[in-house]
Amino acid sequence: MTTHISAHFEKQAQACDRMGSPFTAQLCRLLPEILDRETATGARVLGWPGEAGEDALALRLCGGLHALVLAGEDVALAGVYPPNAASPEALRKAVSAAIARHDECLCANLDSAPQTNEIGRSAMLLPGFLQIARETGLPLDLYEIGSSAGLNLLFDRFHYRYGDSVWGDPASPVRLAPETRGAAPDLSGVLDIATRQGSDIAPIDVSRDDQRLRLTSYVWADQEARLSRLRAAMELANETPFALEKADAADFVDAALAARRPDRVTVLFHSIMWQYLHHETRARIETALETAGRAGGPPIAWLRMEPSDTNEPFALVSLTLWPTGKRRDLARCDFHGRWIEWLL
Numbered sequence: 001m002t003t004h005i006s007a008h009f010e011k012q013a014q015a016c017d018r019m020g021s022p023f024t025a026q027l028c029r030l031l032p033e034i035l036d037r038e039t040a041t042g043a044r045v046l047g048w049p050g051e052a053g054e055d056a057l058a059l060r061l062c063g064g065l066h067a068l069v070l071a072g073e074d075v076a077l078a079g080v081y082p083p084n085a086a087s088p089e090a091l092r093k094a095v096s097a098a099i100a101r102h103d104e105c106l107c108a109n110l111d112s113a114p115q116t117n118e119i120g121r122s123a124m125l126l127p128g129f130l131q132i133a134r135e136t137g138l139p140l141d142l143y144e145i146g147s148s149a150g151l152n153l154l155f156d157r158f159h160y161r162y163g164d165s166v167w168g169d170p171a172s173p174v175r176l177a178p179e180t181r182g183a184a185p186d187l188s189g190v191l192d193i194a195t196r197q198g199s200d201i202a203p204i205d206v207s208r209d210d211q212r213l214r215l216t217s218y219v220w221a222d223q224e225a226r227l228s229r230l231r232a233a234m235e236l237a238n239e240t241p242f243a244l245e246k247a248d249a250a251d252f253v254d255a256a257l258a259a260r261r262p263d264r265v266t267v268l269f270h271s272i273m274w275q276y277l278h279h280e281t282r283a284r285i286e287t288a289l290e291t292a293g294r295a296g297g298p299p300i301a302w303l304r305m306e307p308s309d310t311n312e313p314f315a316l317v318s319l320t321l322w323p324t325g326k327r328r329d330l331a332r333c334d335f336h337g338r339w340i341e342w343l344l
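Numbering (my numbering), first residue to last: 1 to 344.
These are calculated hints, taken from the structure and not from any lab test.
One or more hints might be untrue.
As the list claims (entries may be wrong) - So the derived label-pair ranges between C-beta atoms look like this:
hint, residue 1, residue 2, range
1, 189, 103, 53 to 59 Å
2, 163, 49, 27 to 33 Å
3, 241, 286, 36 to 42 Å
4, 246, 55, 34 to 40 Å
5, 306, 170, 27 to 33 Å
6, 235, 260, 38 to 44 Å
What the hints assert, rightly or not - In silico lysine to aspartate or glutamate, EDC-like type, Cα no more than 16 Å apart, as pairs:
hint, residue 1, residue 2
7, 246, 205
8, 11, 74
9, 326, 280
10, 11, 36
11, 93, 55
12, 93, 33
13, 93, 74
14, 11, 54
From the three backbone atoms N, C-alpha and C, an ideal C-beta is built for every residue, glycine too.
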């Protein structure tokens, strides 16, 4: 395998180690030893024309293999996947055989970038939504970009625990309890969600079995808590109305700002997606928000959970609220929502 492809798989393995998925880390280290140009999948990975890291190449292949297991398409492969334990050699043989048996399918799966809808991030965003509600006293019109399947638009249907502090429906099937570093965030106030709208360049419709499978396949196979949360949230999606459309993020924000109502606060939010937007798109959104916010009228809130600008291994939850337009960093947190450190 070419050096840069091997390096990409190793870098992804290290990331999986850090984020608590030893199985996926093992798989990422094993695949460079297995792949060759005898299969269409191997040849395509080895000759990948783009930037492997930016394209999340390793996760495309890992997702394709996991989909085979989830769909019951390969019993032998499922036998070495979590929760089953397998020796390194057994895993090697099963994965190698699966690539040969499902070569066409796995090769085609490389066409699609990984797409997740990490429910744990709602626990990072909830205190921010409550902050907005307390400061404005208005119902929230929610607009999410990079929504994937739109499941985080349902955040108020989940149950949360931050240390000894709890919020939400105690009967909710989605239960989030991140490690709370320092004081728990302020969970006071009342949320009134008036509108739930999301956009994505490739939205996922979880009412369809094939798209539910695709979404689930990109959750790492040994992270049962994440898988359980996702499945529970997909069930809630059948009970709570929300709108999800295929749209350019900047166009979607323009439409949201044009639809502002005087008796509501317009809330744009997103999590771990800003880095994937083109520079021009980011600039359009920033300009649109600043222009509308400074022009007066009903308040606008921009809540985001995105990587730190300092390349530190954590994300920042930040809030900008117009008409003041002042940015505040509310929290540091884990990318998957495993821990939160409230800063206010």
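So which of the earlier hints does this model not fit? 2, 3, 4, 6, 8, 9, 10, 11
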